[in-house]
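J.: Guided by the hints, dock chain B onto chain A, whose structure is given.
Number of protein chains: 2
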Amino acid sequence: MGSIVQALKWIGGTDGVLELIDQRRLPRESVTLLVRDVEQLHEAICTLAVRGAPAIGVAAAFGPVLALQKLADGATTLDGVRQAHSACAFLATSRPTAVNLFWALDRMRRKAEKVGSHPQTTLGGLHEAILAEAKAIYREDVEMCRQIGRHGEKFIHEGAGVLTHCNAGALATAGQGTALSVLFEAQKKGRHFKVYADETRPLLQGARLTAWELRQAEIDVTVICDNMAGWLMREGRIDAVITGADRIAANGDAANKIGTYSLSILARHHAIPFYIAAPSSTFDLNIANGAEIPLEQRNGEEVTRLGSVETAPAGVGVYNPAFDVTPAENITAIITERGVIEKPDNSRISHLLRES
Amino acid sequence: MGSIVQALKWIGGTDGVLELIDQRRLPRESVTLLVRDVEQLHEAICTLAVRGAPAIGVAAAFGPVLALQKLADGATTLDGVRQAHSACAFLATSRPTAVNLFWALDRMRRKAEKVGSHPQTTLGGLHEAILAEAKAIYREDVEMCRQIGRHGEKFIHEGAGVLTHCNAGALATAGQGTALSVLFEAQKKGRHFKVYADETRPLLQGARLTAWELRQAEIDVTVICDNMAGWLMREGRIDAVITGADRIAANGDAANKIGTYSLSILARHHAIPFYIAAPSSTFDLNIANGAEIPLEQRNGEEVTRLGSVETAPAGVGVYNPAFDVTPAENITAIITERGVIEKPDNSRISHLLRES
Chain A
1 MGSIVQALKW IGGTDGVLEL IDQRRLPRES VTLLVRDVEQ LHEAICTLAV
51 RGAPAIGVAA AFGPVLALQK LADGATTLDG VRQAHSACAF LATSRPTAVN
101 LFWALDRMRR KAEKVGSHPQ TTLGGLHEAI LAEAKAIYRE DVEMCRQIGR
151 HGEKFIHEGA GVLTHCNAGA LATAGQGTAL SVLFEAQKKG RHFKVYADET
201 RPLLQGARLT AWELRQAEID VTVICDNMAG WLMREGRIDA VITGADRIAA
251 NGDAANKIGT YSLSILARHH AIPFYIAAPS STFDLNIANG AEIPLEQRNG
301 EEVTRLGSVE TAPAGVGVYN PAFDVTPAEN ITAIITERGV IEKPDNSRIS
351 HLLRES
Chain B
1 MGSIVQALKW IGGTDGVLEL IDQRRLPRES VTLLVRDVEQ LHEAICTLAV
51 RGAPAIGVAA AFGPVLALQK LADGATTLDG VRQAHSACAF LATSRPTAVN
101 LFWALDRMRR KAEKVGSHPQ TTLGGLHEAI LAEAKAIYRE DVEMCRQIGR
151 HGEKFIHEGA GVLTHCNAGA LATAGQGTAL SVLFEAQKKG RHFKVYADET
201 RPLLQGARLT AWELRQAEID VTVICDNMAG WLMREGRIDA VITGADRIAA
251 NGDAANKIGT YSLSILARHH AIPFYIAAPS STFDLNIANG AEIPLEQRNG
301 EEVTRLGSVE TAPAGVGVYN PAFDVTPAEN ITAIITERGV IEKPDNSRIS
351 HLLRES
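Those protein sequences? They're chains A and B, same order as listed.
Be aware that the first sequence starts at 1, since it is given in my numbering, and climbs by one per residue.
Be aware that the second sequence starts at 1, since it is given in my numbering, and climbs by one per residue.
Be aware that a few hints might be false.
Stated by the list, open to error - Not the full set, but computed from the structure, chain A residues with beta-carbon under 7 Å of chain B:
(1) 28
(2) 215
(3) 266
(4) 316
Claimed, not checked - With a straight-line Cα cutoff of 25 Å, these simulated SDA-like cross-link-like pairs (lysine to any residue) come out:
(5) A:154 - A:268
(6) B:343 - A:268
(7) A:194 - B:316
(8) B:343 - B:237
(9) B:194 - A:302
(10) A:194 - B:302
(11) A:194 - B:305
(12) A:154 - A:272
(13) B:194 - A:297
(14) A:194 - B:301
(15) A:70 - A:49
It is worth saying that the hints were derived from the structure and are not from the lab.
All figures in this text were calculated on a predicted structure; none of them were measured in a lab.
Where a beta carbon is used, it is the ideal one built from N, C-alpha and C, also for glycine.
This is chain A alone, in the form it adopts within the complex (with noise of 0.2 Å):
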């Protein structure tokens, strides 16, 4: 069995750096970067440095450990609060459409007002606490993901094809992966499967980082063109389809990268399982469904350019949705943390929710 990588860590303490892999160069180079400041951080998430809702979430957390790294001597304990705040009000201006994002910032910035309004906290100790929360951040990020598999691997059945699509790995979590990590825990059952992993475009997250996680881990995996998926289904060759989630409203609606729409349309077609494997940091239920759920629009040029490679007229128009919004009515179970929902509805995912 080969091994899982490994998307984020923290180097040090109060003082200390994130380490991350720059996903933009996978799989050519396999290069860490190391995060300094609040701007690096923010602009590493912009360019999909580091992306997956998860490894998002997790890597904003520490943003506000870095921001309080650039106080000037004889600062308070309050100016640290504040520069909390403003960090976590930058980063949240990074991506809109994860909500693990808003999340864990929402987390961190309760956190520095919470342990910054004692009196008798100081600035180092209001800096040892949001490390401390950005740690178990990360611990319950690494431990969600395991659970997440565990709860899922169950679907996956020996001699499965199992159609994925960007990447929903170690690379997108501080842990294992959300939709990877059920397919690493059904490996570790013993149990074999092929893997189709989407290209997906633009930005080839499942050629690049989907089918390199998978290789490194030792587990058969086929690159296919988006395109061919719904044909792979109509061959037979698809059993089951999993993918992650960036926001999934109180309804099951469930926000993914463009494309997991229509995977669920034609995979409901075919009759072929789709299943959506996320933790629970992922609803939003103050959504009611999918219509309010903010989806970023990207550049065109992720889509006219590859690399140096034109690969459409200069100056064409282009429509570029980073995400889609796949019907809770088209989703099998939503798998989480907690535990799986088996024809997600507002009933069962707030009783899922709210029992534990």
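T.: Okay, now just chain B, sitting in the frame of chain A:
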């Protein structure tokens, strides 16, 4: 109004050359390729310098004309017939799916046999006769394109959003295309509409060729990634889908560029009409249904490499079918040069093909 490009033309008499726009280099460079022998023509078809089912047929028709140029002094008319035969047999090995190739080669072989069987036919006379036949195929293709457009333009309504896949334009024919001819004729009627061009991985014929052609013709075109099509339908941006076809079985099942099958399922789910525009030479009545159509598998490198850019880890498995089959039940109508076949089935197809 802009102009419609010309994919191929014959220059000169029996000693002439076939001039092609080299479609491998579009849209970066608009370069013509002079094809002087059958080997070069075979390679041009295999490597997609010329592509699109009708264009392949027309280009191949000039193969025997080129072949006869190579005969040694003193060759007989029978040598000429044999030379034409072997050119046709060789060119038939270039690509397996598009039936227009076999249709055109059959027609050229029959012409050579028929003319060559007259005792008074000279080698020069044979050469003239097969050039005339190739030119007839060319002219008929031009006229066929126009007629397809005229029959189909009524389906493109004022203000419509139209999705197309791959390239079924002037670059895919000797004339003004099949699916795109419908758009050109709607434009001539003064109608305004918006075209979304699927980029069409792996070789990006939509982004490279369709977008380029439509811009030349001053039609509003927006490039999208293939995996976005379903979401655009959901957003209400698409009122019609129109593609070409490479081979249509007797029951109406239609082989076309990989991804067309998925689009047909997605269109059906969203109650969007799905049209196929193709000449009658695309029908293969010897084939009962789509399961019997041979589908070309192409090299995995088309998926994992774009120019000099590696898009997937070295050595990863790839599945790269170049075509899929859309079942007749998903096709609203097939638009041919002879008229429109709504809800295509065996009897409606044989009726239209027989009556003219």
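J.: Please list, smallest to largest, the hint numbers that this structure does not respect.
T.: none
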